[in-house]
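J.: Sequence:
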Amino acid sequence: MDWSVVAMGCVLVLVALGGRWWERAKGRKGTGPGQGTRFFWAWLPLLMGLGMLCANLPALLHASHPVVMTMDTLNLVLAVTTMVLALRAARQFFRGRGLRTLE
Numbered sequence: 001m002d003w004s005v006v007a008m009g010c011v012l013v014l015v016a017l018g019g020r021w022w023e024r025a026k027g028r029k030g031t032g033p034g035q036g037t038r039f040f041w042a043w044l045p046l047l048m049g050l051g052m053l054c055a056n057l058p059a060l061l062h063a064s065h066p067v068v069m070t071m072d073t074l075n076l077v078l079a080v081t082t083m084v085l086a087l088r089a090a091r092q093f094f095r096g097r098g099l100r101t102l103e
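Counting in the working numbering, the sequence shown runs from 1 upward without gaps.
Hints listed in this document are in silico derivations from the structure and should not be mistaken for laboratory results.
C-beta: ideal position from N, C-alpha, C; glycine also.
Where hints are given, some of them may not hold.
As the list claims (entries may be wrong) - 20 Å max Cα-Cα, derived SDA-like pairs, lysine to any residue:
(1) Lys-26 with Pro-45
(2) Lys-26 with Trp-43
(3) Lys-26 with Val-15
(4) Lys-26 with Leu-44
(5) Lys-26 with Leu-14
(6) Lys-26 with Ala-16
(7) Lys-26 with Ala-42
Unchecked claim - Computed spacing ranges between beta-carbons, pair by pair:
(8) Val-68 with Ala-25: 33 to 41 Å
(9) Met-1 with Leu-76: 16 to 24 Å
(10) Arg-95 with Ala-63: 40 to 48 Å
With the hints as extra help, turn the sequences into a complete structure.
T.: What follows is the structure in structure tokens.
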């Protein structure tokens, strides 16, 4: 079961990299969504995938305790960063629609 979480993390990282490549190719043509949503949707899968990898991979590889603690700290930083990005994107989303519920 733990290896399936690591595989899902790898898939999310690959989806994020593919999405960034797709947006760059699409951006050259001059079409695409707004800058704020493009930024959020490009980084969200990458941060979630890295968080999944950091959470499970060291324990599965039987890493030493300092390595596991370092990866847990990195996972906490990624979680906080993802939460901040999600709140900023929600704020932009609601501000663009005229709803002032998250201020």
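J.: Going through the numbered hints above, which ones does this structure break? Give me the numbers in ascending order.
T.: none
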